[in-house]
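Asker: One line per chain: the protein sequences are A and B, in this order. With my numbering applied, the first sequence covers 1 to 723. With my numbering applied, the second sequence covers 1001 to 1115.
Because the hints were derived from the structure by calculation, they are not lab data. Take the hints with a grain of salt, since some may be wrong.
Unchecked claim - Here are the simulated DMTMM-like pairs of lysine to aspartate or glutamate, each with C-alpha atoms no more than 20 Å apart in a straight line: (1) Lys266(A) <-> Asp199(A); (2) Lys266(A) <-> Glu1092(B); (3) Lys266(A) <-> Glu1052(B).
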Amino acid sequence: MAGLGYACLLLALAVCVYGIGASIYGVRTGRPEFTASGRRSMYALAGVLTAAFAVLEVAFLSNDFAFNTVADTSSRTTPGLYRAAAVWSSQEGSLLLWAWLMSIWSSLALFLTRRRLRDIAGYATAILLGFGAFFVSLMVFYANPFVTTTPAPAEGQGLDPLLRFPTMMIHPPMLYSGYTLCIVPLAFGMGALLARRLDADWIRAIRRFSFAAWLFLGAGILLGARWSYAELGWGGYWGWDAVENASLMPWLTGTAFLHSLMIQEKRGMLKVWNVSLALATGTLAIMGTFLVRSGVLNSIHAFGGQTLGVPFVILIGILIAGSIYLVVSRREMLRSEHRLDSLLSRESIFLANNVVLVGLCFVIFWGTYFPLISEALTGHEASVGPPWFDRYTVPLALMLVFLSGIGPLIAWRRATLANARRNFLAPLAIAFATLLGLELAGGAHKPLAVTMFCCAAFVLGSVGQEFVRGTRARRAMAGEASPRALLALMRRNRRRYGGYIAHVGMAVLFVGVAASSSFQHATELGLSPGQSARVGAYTVRYVRPTATVTPRYDAAHTGSTLSLGALLDVTKGGPRGPHVATLNPSEGYYASQDPSQGTVGSLIGGQAVSHVAMDAGITRDVWTAIQPDIEAPALKRIVELGNRTLPAQDAVVAIGVLAKTYLEHPPQAQFHLIDSPLVMWIWLGGMIVVGGGLIAIWPAPSAVRRRASVRARARAVRGLARA
Amino acid sequence: MGLLIVLLTLLLVGAVVVVVSAPLRAARAGAPELSSSGGDHAAGPLQLERLEQLEAAREAKYRELRDLELDFRTGKLSRADYEATDAQLRAEAIAILDRLDRVQAGEASLRTRGA
């Protein structure tokens, strides 16, 4: 079946090449049948890549180790669900996932715009198929997922244990969906520039896709942060890793784009901003994809082995040069139709918001690519770490949160000072009360965190005031009871109130980040059974060791051969304080394929992975990780003896003896203990953001749309009659 | 197995050719919406696109009017500013509705001539 998979890739490449030609020919000659044929090429590409993906997925699920990617990243002992997700754990499989998702989302975008933007859509189709051709070419010529080995190995290497975690199954598809959806506004933006049609039509056509890209990217970033926190064993959720940053940058410019496209829709302003942000977001998405495959930066996310740096650099160069040329050459057509009426207006707040978001993106871009730039200029590699990022991003993040509270309080076009004073009063009072409360509680020694809490309180006050006043206005107009008025208000104004909810989510998220960063207590130390350690407001006592053996019975159900851990008792205050939780962190030891480790050694000689245990709550998390001393003399002797005396089929007996010895004579283990406040607010805030985004993007039911249109039309006509 | 792969590949190629060539075959058969021969038939899809653009612009203008009223009722605008902007937006809405009426009338006459 590998032959079928490769044939699909070749067919996909041919379809892309044909589609590009047909689309451009159709647009240039005014022959719609060719433009339509080009669009259908994208549908065909989606179908062919679905077939290719299915071939690879079946190979993984059926343990067909003749496929090199299956042999390299899966095994019979890899649990079934992780085997299904292992498709995208390799360079080759992830390229196929990227191309497939791009073809699906592009097909949807082109289908929904098939009767609109004819002159733009043709160019957009060609550009989208161009991306398809690029990624399929990478697979055909550089990283073929369907390469086989004969005879097939009896067993595979297994999935990297670090990836055997539920959020890791969904994180890449979400992130790649975000990246590939970012390409849609880029393609339509370039199409609008090429077709010289730069009114709001193309913006309206791709608005939902931009929103979807933002949602998927954001969800993917959050899932990655959750994986880092709950799996990697270092206790953090964001390390300013290069690939983390690469996913955050297009999300930041995408956020700016979502805000400023509202202004172009309403006022025909910020056209240069919008088209530049659309092109930048798509380009940054490609750069993010480039980072993990180029080998230029060190990251836990990077795919090892073959580097695809050169083709990506060429593509990125073309995108940047092409974008600059198109924007500069069309600058006359990108002039705003109106000017800013007033600095005290929502438009000017959105503009300030754009500047801050782009500034944040620039800071992160500089810090991420600085090693490359430094090496190019000086010949020495340098890097910047989390302290550098924190120094420049925190002030910008504070400004961002504060601006997100101001926006809802100010009207479009212009606001009067008197009205502004009235609207700012309550939210500022809430922020000030928060400051007083925190100062009294002793928060003065963390000024940045306190400032963030006050900004967040300002946002919550501002949005809360909007909901209250909006509901009151609705009640006055329609005579409804408050709950019904609130629902009707949100139904009729989804974009506005969905956006407000997203702002609340961001405020909650930033409170979680500020609190967990600034008020965390952490300790790393060695403990033996019976010993205790104090961490923050809690005491952690090592009760007894734990051990489980064989893939089917490991504590975290991830296919490890042996899992060594500890039962921990957590109490509030001292050792005799109220019981809080019982935790069981462990370290999983996985099999390796290295025969030099011996029959017993190879059963546990693969990568060791920490399985974190935590008690998570709304006010704080108690987080624990263990590193058992598997090199302790007594345990090492068992492995060495087993290697000398046991054949492979009996080697697991020694693992059982090792586990028993560990339970009876546990060596001192290293523990990492953390008491971290409000971490849960990060995940909750993220969910609120996603919820708000979904409300904003959700289409109104068509009946409501028709009623609203008829009523609005009647009002408009009456207004003209009055005039 | 080799024969099966060849057959499946040929099936895929056939399906792709059918899907991708459908508009070209339809145009050759004289389907009006895909005709590039110009005239009244070619104007149909363009009319539809213009109609959809104007309807989208109309919805956007109605949304602006709703936003403006909500801004006023939630105390963000003075009455004077509200009334001035409201009148301006209504005039813009009427202009869009007039253009929409003209396009719809043009579309109706095309249909009548076609019939």
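Asker: Compare the structure with each hint and give your call.
Answerer: Hints, one by one, checked against the model:
The straight-line distance between the Cα atoms of Lys266(A) and Asp199(A) is roughly 11 Å, inside the 20 Å bound, and the hint therefore holds. Distance check on the hinted pair: Lys266(A) and Glu1092(B) sit about 11 Å apart at the alpha-carbon level, within 20 Å; holds. Straight-line distance between C-alpha atoms of Lys266(A) and Glu1052(B) comes to about 17 Å, which keeps the hinted pair within the 20 Å bound.
The structure agrees with every numbered hint stated previously.
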